[in-house]
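The C-terminal residue of the sequence shown carries number 98 in our numbering, and the numbering is unbroken.
Keep in mind the hints are simulated off the structure, nothing from the lab. In this text, all values refer to a predicted model and were calculated from it rather than measured experimentally. Any given hint could be a false lead.
What the hints assert, rightly or not - Pairwise CB distance ranges (calculated):
id, residue 1, residue 2, range
1, A46, A19, 30 to 38 Å
2, F5, D96, 22 to 30 Å
3, S39, P15, 16 to 24 Å
4, E18, H57, 35 to 43 Å
5, P11, A78, 38 to 46 Å
6, R74, A19, 32 to 40 Å
We put the CB at the ideal spot given by N, CA and C, even for glycine.
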Amino acid sequence: MSFIDRVDPELRPGVEAFPPDLLDLNDIPGTRQKLASLFGALPAPVVAGVSSEDHHVPGPPGAPDVLVRVYRPDGAGMRPALLWIHGGGYVLGDIE
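Model the full structure from these sequences, guided by the hints.
Rendered as structure tokens:
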């Protein structure tokens, strides 16, 4: 069974719209450049009622700090949260 066979039929057109050579995991720097040029042309969504704040979290000794972005709904009070960890791509993109 191929990758595309495992994709929901309703979502396949979106997956098939990407160039077949877009993700080359043997060339991480090149893949990062391709993704940046592809997604860099898209405007960042603005969500009404949500504020964001950037923070730097210390990395391990000798490693750089990690830039993290915290999103909060406008208004006071405690709110529920959802932490969504998807299945990959952590080495390909950036915070933007």
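Hint check:
The hinted window of 30 to 38 Å between A46 and A19 is violated, with their beta carbons roughly 20 Å apart. In this structure the supplied range 22 to 30 Å holds for F5 paired with D96, their Cβ-Cβ distance being about 24 Å. Under the hint 16 to 24 Å, the C-beta atoms of S39 and P15, about 22 Å apart, fit the expected range. A hinted range of 35 to 43 Å holds for the C-beta pair E18 and H57, which are about 38 Å apart.
Between P11 and A78 the CB atoms are about 44 Å apart, so this pair conforms to the stated range of 38 to 46 Å. Here the CB-CB span from R74 to A19 is close to 33 Å, well matched to the stated 32 to 40 Å.
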